[in-house]
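Q: Chain by chain, the residues:
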Amino acid sequence: MASKKYDLVITGGRVIDPALGFGRDADVFIKNGAVSRIGAAGKSAGLLRSFDDDQIVDAAGKLVVPGLIDMHVHLREPGREDEETVISGCRAAAAGGFTSICCMPNTSPVMDNQETVKFVQDRAQNADARVYVVGAATKLIEGKELSEIGDLVKVGAVAITDDGHYIQNPELMRRALEYARMFDIPVMQHAEDQYLCNGVIMNESYQSARLGMVGAPSVAEEIAVLRDIALCRVANSRLHILHVTTKGAVDAIRQAKREGVNVTCEATPHHLVLTDDEIGKEFNTSLRVNPPLRSVRDREAVIEGLVDGTIDCIVSDHAPHSMEEKDCEFDQAPPGMIGLETTLGLVKTFIIDKGYLSWADVIRKMTINPARILNLPGGTLQEGSTADITIIDPDKKWTVKARDFRSLSKNSPFIGWKLSGRAYKTLLGGKVVFER
Amino acid sequence: MSQLSSRHLLGLEDTPRKDIELILDTAITFREVIERRIKKVPTLRGITVLNLFYEPSTRTRISFELAEKRLSADTVNFSTSTSSVKKGESLRDTVQNIEAMKIDMTVVRHGSSGAPYFLTQCMDTNIINAGDGCHEHPTQALLDMFTIRRKYGKLDGLRVVLIGDVKHSRVIRSNIWGLKTMGASVALCGPSTLMPYEVEQFGCDVYTNLDVALDGADVVNVMRIQAERQQDGLFPSRREFSALFGVNRERLKRLNKNYTIMHPGPINRGVELASDVADGKSSVILDQVTNGQAVRMAVLYLLSDREERETE
Numbered sequence: 001m002a003s004k005k006y007d008l009v010i011t012g013g014r015v016i017d018p019a020l021g022f023g024r025d026a027d028v029f030i031k032n033g034a035v036s037r038i039g040a041a042g043k044s045a046g047l048l049r050s051f052d053d054d055q056i057v058d059a060a061g062k063l064v065v066p067g068l069i070d071m072h073v074h075l076r077e078p079g080r081e082d083e084e085t086v087i088s089g090c091r092a093a094a095a096g097g098f099t100s101i102c103c104m105p106n107t108s109p110v111m112d113n114q115e116t117v118k119f120v121q122d123r124a125q126n127a128d129a130r131v132y133v134v135g136a137a138t139k140l141i142e143g144k145e146l147s148e149i150g151d152l153v154k155v156g157a158v159a160i161t162d163d164g165h166y167i168q169n170p171e172l173m174r175r176a177l178e179y180a181r182m183f184d185i186p187v188m189q190h191a192e193d194q195y196l197c198n199g200v201i202m203n204e205s206y207q208s209a210r211l212g213m214v215g216a217p218s219v220a221e222e223i224a225v226l227r228d229i230a231l232c233r234v235a236n237s238r239l240h241i242l243h244v245t246t247k248g249a250v251d252a253i254r255q256a257k258r259e260g261v262n263v264t265c266e267a268t269p270h271h272l273v274l275t276d277d278e279i280g281k282e283f284n285t286s287l288r289v290n291p292p293l294r295s296v297r298d299r300e301a302v303i304e305g306l307v308d309g310t311i312d313c314i315v316s317d318h319a320p321h322s323m324e325e326k327d328c329e330f331d332q333a334p335p336g337m338i339g340l341e342t343t344l345g346l347v348k349t350f351i352i353d354k355g356y357l358s359w360a361d362v363i364r365k366m367t368i369n370p371a372r373i374l375n376l377p378g379g380t381l382q383e384g385s386t387a388d389i390t391i392i393d394p395d396k397k398w399t400v401k402a403r404d405f406r407s408l409s410k411n412s413p414f415i416g417w418k419l420s421g422r423a424y425k426t427l428l429g430g431k432v433v434f435e436r
Numbered sequence: 001m002s003q004l005s006s007r008h009l010l011g012l013e014d015t016p017r018k019d020i021e022l023i024l025d026t027a028i029t030f031r032e033v034i035e036r037r038i039k040k041v042p043t044l045r046g047i048t049v050l051n052l053f054y055e056p057s058t059r060t061r062i063s064f065e066l067a068e069k070r071l072s073a074d075t076v077n078f079s080t081s082t083s084s085v086k087k088g089e090s091l092r093d094t095v096q097n098i099e100a101m102k103i104d105m106t107v108v109r110h111g112s113s114g115a116p117y118f119l120t121q122c123m124d125t126n127i128i129n130a131g132d133g134c135h136e137h138p139t140q141a142l143l144d145m146f147t148i149r150r151k152y153g154k155l156d157g158l159r160v161v162l163i164g165d166v167k168h169s170r171v172i173r174s175n176i177w178g179l180k181t182m183g184a185s186v187a188l189c190g191p192s193t194l195m196p197y198e199v200e201q202f203g204c205d206v207y208t209n210l211d212v213a214l215d216g217a218d219v220v221n222v223m224r225i226q227a228e229r230q231q232d233g234l235f236p237s238r239r240e241f242s243a244l245f246g247v248n249r250e251r252l253k254r255l256n257k258n259y260t261i262m263h264p265g266p267i268n269r270g271v272e273l274a275s276d277v278a279d280g281k282s283s284v285i286l287d288q289v290t291n292g293q294a295v296r297m298a299v300l301y302l303l304s305d306r307e308e309r310e311t312e
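Residue numbers (the numbering used here), protein chains in the order written: chain C, 1 to 436; chain Z, 1 to 312.
In short, the hints are calculated from the structure, not lab data.
Just so it is clear, the structure is predicted and the values come from calculations on it, not from any experiment.
By construction, the Cβ of each residue, glycine as well, lies at the ideal position given by its N, Cα and C atoms.
One should not assume that every hint holds.
The calculated label-pair distances, taken between Cβ atoms and stated as ranges, are [as the list claims (entries may be wrong)]:
1. C:Val219 - Z:Ala243: 46 to 54 Å
2. Z:Asp211 - C:Val219: 56 to 64 Å
3. Z:Asp93 - C:Val155: 39 to 47 Å
4. C:Lys354 - Z:Ser6: 31 to 39 Å
5. Z:Gln201 - C:Glu259: 34 to 42 Å
6. Z:Asn258 - C:Met323: 52 to 60 Å
7. Z:Arg238 - C:Pro334: 30 to 38 Å
8. C:Glu142 - Z:Ser79: 34 to 42 Å
Go ahead and model the full structure; you've got the sequences and the hints to work with.
A: Written as structure tokens, this is what we have:
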């Protein structure tokens, strides 16, 4: 005697939906892949009796939240399918609790044309997560001429970026902002002035001094952010600063927001958790990342920005690299680390458990905030919305293990770390795509 | 018999005082050996040493090779000036292939900071750092300290000024750590553009005025200034560098009596160091080279797993 009115119910959990200002124990009813109703806890006992066992997801002791959105992910398809494919990246996303991810255009070929975008979208058809493409801001992400942004938007690009490279030419950046305004999409900027970052290996600090490595000064990020805020003001457009890592950048964005500039930004777990003090211990190449791990002072400023709302989103900047490419001298390793499967646990362990943010604050920065910045569907459990839902085991203790990664790459500096909090089940369109 | 606390010599930052003392004391014996007519001892007979040089080097490579030969070790040289990545074979694969031919110790010079540490993760041999990037060059600093100690009988309480490109000098870094551990007072002097960020955290006195830096110093260790730093725009000309930071006779007046002039070589005569000073009676530049033999013999001897071998 299965329930005909609903397909599935998630019962007994604490439902947190910052978009609705909702945060209490409740049952979530799903029908036809959409959220049909959220019922107060305990009020549906009679109704639940009409459900078959396989229609009930027991979420007692768990958090039930809108499917998490990671707006900064590198899939390596096309080009480096040995490191990550669309399918494997989406499996990793689902395991990390993400139902939607935005992939960056620095593939090979670059996503600066409709065909490549469509190819990736096609690959994502039956994947375990929704994939939104961020198109290249300039052709071949060379920072010379704008790509055919209108074309990219037409096939679904949700933003443009040259991520990995700063659009160094201010004239070109101004045009990118102005042009993007026509389509109401943000320009996502990797803010590091290249003239100040020639040959850099790590953050410029006492650590780079003692290790004798070329350091990227934090002022390179600050200058880049200040310039782009000024350009955004002139262009009256939308600017999103990728992976903010410095006090100077956080201060600049805080001030710009006060002045009403349409600027948003994001931070990664690794910049919230790690500092450059780690690098000299074992020269672990997984710690080589762009922008680099910064000083304690910068890390604290980023946390402060997260707490006061200057930083809108938490993203993984998942950047897979093969074992071969990372098994080398520190300065020879390509920058980047994977993060889809560790983001939630790191944020719980080092941001929530340390008292910086509540679960609701974190969920906001991982659901509705990115959804609003990129005009994505989802990010809420509002009745009628697609049933992309993450069920979190909030205090689950677990150890990060290389062999457990769904990602094809294992370049994580967090292997061996003990974390608290993990995705328990991930539902995409009302269907369980991942469960533990 | 006393032993070092590590089976590798990667740098001096974490090397304890007793290890440095043991190396310097042991080097005294080898310093006598190389003055003999027959300069060879059988100490490392049967031990094979790999000299792995990923950067061009003449004097350090020759110094190590001679030290090994005078200890009766077998030596094998691998030299390339291309990086492992460009070469198309990873550093791990390269050294594991050579190690498969049964190598006991590896001396490595590499352009990447931390490469010797990486080798400890790839191989079972003892690793001796012969210079990694701008990070450390521990045997150079040890031979500098040996040379100073040989003259003054101590390092404690001496004032040593290190002059030049602090930012890029692995010799300066290793000297800082070693000298501080041994109780010397260390001053750094060079153009502000060639000072690393947060240099004050090294715990040294930092000067951009050479005359002030030399005031009351016992030892002046002058580093080579690389022409490429000028091309990178870090100082405007050799002429101006020489005027501001060149050590010449006039400036020596500020030093303590019985002062010492040092340079790890090769010297840009007339740029960082005036010729008459380099060749003057207070210069120990060639002694440094000779002492380098003894110090490297001591390091090889102390690091080799010879006792294990003898009990086998």
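Q: Could you run down the list of hints and mark each one as holding or not?
A: Do the hints match the structure? See the list:
1. C:Val219 - Z:Ala243: 46 to 54 Å: Check failed, 30 Å falls outside 46 to 54 Å.
2. Z:Asp211 - C:Val219: 56 to 64 Å: 32 Å, violated
3. Z:Asp93 - C:Val155: 39 to 47 Å: Roughly 43 Å apart at Cβ, these two residues keep to the hinted range, so it holds.
4. C:Lys354 - Z:Ser6: 31 to 39 Å: 36 Å, holds
5. Z:Gln201 - C:Glu259: 34 to 42 Å: 36 Å, holds
6. Z:Asn258 - C:Met323: 52 to 60 Å: 57 Å, holds
7. Z:Arg238 - C:Pro334: 30 to 38 Å: Cβ of Arg238 of chain Z to Cβ of Pro334 of chain C: about 37 Å, so the range 30 to 38 Å holds.
8. C:Glu142 - Z:Ser79: 34 to 42 Å: With a Cβ separation near 37 Å, Glu142 of chain C and Ser79 of chain Z satisfy 34 to 42 Å, so the hint holds.
The structure is inconsistent with the numbered hints 1 and 2, although it conforms to all the rest.
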